[in-house]
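Protein sequences, first through last, are from chains P and L. Those letters in the first sequence? Residues 3 to 254, per our numbering, in order. Those letters in the second sequence? Residues 11 to 332, per our numbering, in order.
Since the hints were made in silico from the structure, they are not lab data. Certain hints may be false.
What the hints assert, rightly or not - No farther apart than 27 Å at their CA atoms in a straight line, the calculated lysine-lysine pairs in the DSS-like style are these:
hint, chain 1, residue 1, chain 2, residue 2
1, L, LYS37, L, LYS199
2, P, LYS147, L, LYS325
3, P, LYS92, L, LYS199
4, L, LYS294, L, LYS325
5, L, LYS135, P, LYS247
6, L, LYS135, P, LYS22
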Amino acid sequence: MKILVPIKRTYDPNSKIKLKTDGSGIDTSNIKFVINTFDEIAVEEALRKKEEFGGEVVVVSVGTQEWIEQIRTALAMGADRGILVDTGGKYIDQVGIAKILAKIVEEEKPDLVIMGKQAIDDDANQVGQLLAGYLNWPQATFAYKVEVKPNEKKVTVVREVDGGLETVECELPAIITTDLRLNQPRYASLPGIMKAKQKPVKTIKVEDLGIDLTPKVKIEKLETPPPRKAGVKVKDVDEFIAKLKELKALPF
Amino acid sequence: MGILTVLETRNGELKKASLSAVTCARKISEITGLKYHLVIFSPNENSLEEVSYLGAEKVFVIRGEQFQNYTAENYALAIEKIVRDNGEKYVIATATTFGKDLLPRVAAKLSAGMVSEITEIIDDKTFKRLMYAGNIIATVKLESDIKVISVRGVAFDKAGKVDSKSQIEEVKISEKYEKKRFIKLEETKSERPELTEAQIVVSVGRGIKDPENIKLAEELADVLGAAIGASRAVVDAGWLPNDFQVGQTGKTVAPQLYIAIGISGAIQHIAGMKDSKVIAAINKDPEAPIFQIADVGLVADLFQVVPELTQKLKKLKEQAGA
Ligand SMILES: Cc1cc2nc3c(=O)[nH]c(=O)nc-3n(C[C@H](O)[C@H](O)[C@H](O)COP(=O)(O)OP(=O)(O)OC[C@H]3O[C@@H](n4cnc5c(N)ncnc54)[C@H](O)[C@@H]3O)c2cc1C
Ligand SMILES: Cc1cc2nc3c(=O)[nH]c(=O)nc-3n(C[C@H](O)[C@H](O)[C@H](O)COP(=O)(O)OP(=O)(O)OC[C@H]3O[C@@H](n4cnc5c(N)ncnc54)[C@H](O)[C@@H]3O)c2cc1C
Chain P
3 MKILVPIKRT YDPNSKIKLK TDGSGIDTSN IKFVINTFDE IAVEEALRKK EEFGGEVVVV
63 SVGTQEWIEQ IRTALAMGAD RGILVDTGGK YIDQVGIAKI LAKIVEEEKP DLVIMGKQAI
123 DDDANQVGQL LAGYLNWPQA TFAYKVEVKP NEKKVTVVRE VDGGLETVEC ELPAIITTDL
183 RLNQPRYASL PGIMKAKQKP VKTIKVEDLG IDLTPKVKIE KLETPPPRKA GVKVKDVDEF
243 IAKLKELKAL PF
Chain L
11 MGILTVLETR NGELKKASLS AVTCARKISE ITGLKYHLVI FSPNENSLEE VSYLGAEKVF
71 VIRGEQFQNY TAENYALAIE KIVRDNGEKY VIATATTFGK DLLPRVAAKL SAGMVSEITE
131 IIDDKTFKRL MYAGNIIATV KLESDIKVIS VRGVAFDKAG KVDSKSQIEE VKISEKYEKK
191 RFIKLEETKS ERPELTEAQI VVSVGRGIKD PENIKLAEEL ADVLGAAIGA SRAVVDAGWL
251 PNDFQVGQTG KTVAPQLYIA IGISGAIQHI AGMKDSKVIA AINKDPEAPI FQIADVGLVA
311 DLFQVVPELT QKLKKLKEQA GA
């Protein structure tokens, strides 16, 4: 079983996000970078499937040389090798990322792609579904539970949807995107970190893929939303109710 | 040529969340002069009747065994066909888990670009949306010929009824996607209003300590006619089902009143509720970040004050004869 895991480098969810003073982008001076939370869950799920059925876990990132840090983290968790598609820092929209990943999928021919449902910076929630669309593969998004049946070439996925949990069955190869409760990712062990240094990471120049990456979505402007003002602290339940009445927040 | 809005149904029943996307379609229609159309899958009679009075030029109805239960694959096939046959320029849906799952696949099929969860329309191709757990508002420009847009439900009112009836067109789709099968949906049953539609939401966090104690919040919710929501901590612990989660990666709500009980107010939680009209918080820690955005804050032990609050509101309600 060969599993491809696309991972994005993004900010640590505990860091404070600020715009640069000129509004041209995010001020990254105090930000720690990590693997996108959902992608870490994807790496973990891929490793568990490999432990169960054997095979190989390949991580792929579309970014700059700095992203190798996150690829190495995934390798330290246990992934076998990494691919960096080097963009040289140029922005590529979701469509572009998905097209690049489709190309990598065509070359690598995995049985399964497991990736995050959304990047916590852009919060777009698109790339997995776009990729499945380009490849005409079945998609199982927002996975809560994944059960692979390699002999039948099928995967059963329980999905977190509005109103409950939905179960679907896909033929392999398929695309799965992870939700928060799929698993608890492991930490990289010290031997894992040592081993990761020896594992291969291949760099591909994005130009060499020959894909038209003219963005369809452009970011025109970034702003900070007006802060919501803190109200009052009340001392007891009676005051609490009185204040809610004053704000006309109660139905009676 | 027009604007296609995809409506969500479950067991034939229209999901009201879809009506936000219709409002978005109306606004884009005003800006561009394009007519708007609706597409609905396997509707029951009532739902079809309801959507026939939303002011659309046409309502496309799709039926067939492969559309009985939702799969993105089959739905995308059908939508692609309608868009191509009618030269539609926009495809819009509300960003429920349905819209989030379906629209990017549709965009891929149409070689279109997509903007997720818009909160505002600037012009025919420019929109606002939130990023970084609501910390940043981005103005984005969508430059593809066909534009795919998902709509943040709370940012657009639900479209109301009009007098004239739309033309209904049944569309036959014979293609079927074979590589995926719907197996089952285990629905969370609740007598309470739906989280994203409720006027009042009572939301619980880790401070509730034990699933047994959730009934404290439920009793309060029942007096107020409120929905129950939760922080991720509560859902992760398995104390409430996944679709109760409010936040960056859960649901976005904007009720008249949001009461946060034992919730610290992490940025990812706030992302899902900060547009509520009134925010009230009960937390024993005076430094909890939730107080920085709460209109009314009560620093107290929830186990003491929540039952008292429920009792006192109950009295008030009885006095009001409600
Ligand atoms: C402040 C800012 C400004 C930007 N400006 C522009 C701009 O002007 N023009 C432009 O075209 N783009 C711009 N981008 C970049 C672009 O919007 C996204 O980074 C990119 O399109 C990926 O989409 P996403 O992160 O929204 O993916 P989502 O759909 O939210 O991600 C889902 C999953 O896809 C995978 N994935 C996503 N990205 C990658 C990746 N790079 N490598 C590997 N796997 C990945 C991960 O598994 C992830 O969990 C900007 C981004 C930011 C943060
Ligand atoms: C990628 C990512 C996505 C996330 N998405 C979401 C999301 O969508 N929604 C979400 O909610 N979270 C999300 N989170 C998690 C978020 O960061 C917080 O961990 C979570 O919201 C905390 O939940 P909580 O407030 O219930 O728990 P805690 O932070 O543990 O807070 C519990 C609070 O209860 C109070 N308390 C304890 N006992 C009492 C008592 N007896 N009386 C009164 N108060 C009491 C405490 O003072 C404390 O403030 C996400 C995190 C990540 C990394």
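Are the Cα atoms of LYS92 of chain P and LYS199 of chain L separated by 27 Å or less? violated (48 Å)
Does LYS247 of chain P lie within 27 Å of LYS135 of chain L when you go C-alpha to C-alpha? Cα-Cα ~42 Å, so violated.
Are LYS135 of chain L and LYS22 of chain P close enough, with their CA atoms no more than 27 Å apart? holds (26 Å)
Given the hinted pair LYS37 of chain L and LYS199 of chain L, is their alpha-carbon gap at most 27 Å? Not OK: LYS37 of chain L and LYS199 of chain L at ~35 Å, beyond 27 Å, violated.
Given hint LYS325 of chain L paired with LYS294 of chain L - CA-CA distance at most 27 Å: Distance of about 25 Å is within 27 Å: holds.
Hint consistency between LYS147 of chain P and LYS325 of chain L [alpha-carbon to alpha-carbon, up to 27 Å]: violated (45 Å)
Violated hints for the displayed structure, listed by number in ascending order: 1, 2, 3, 5.
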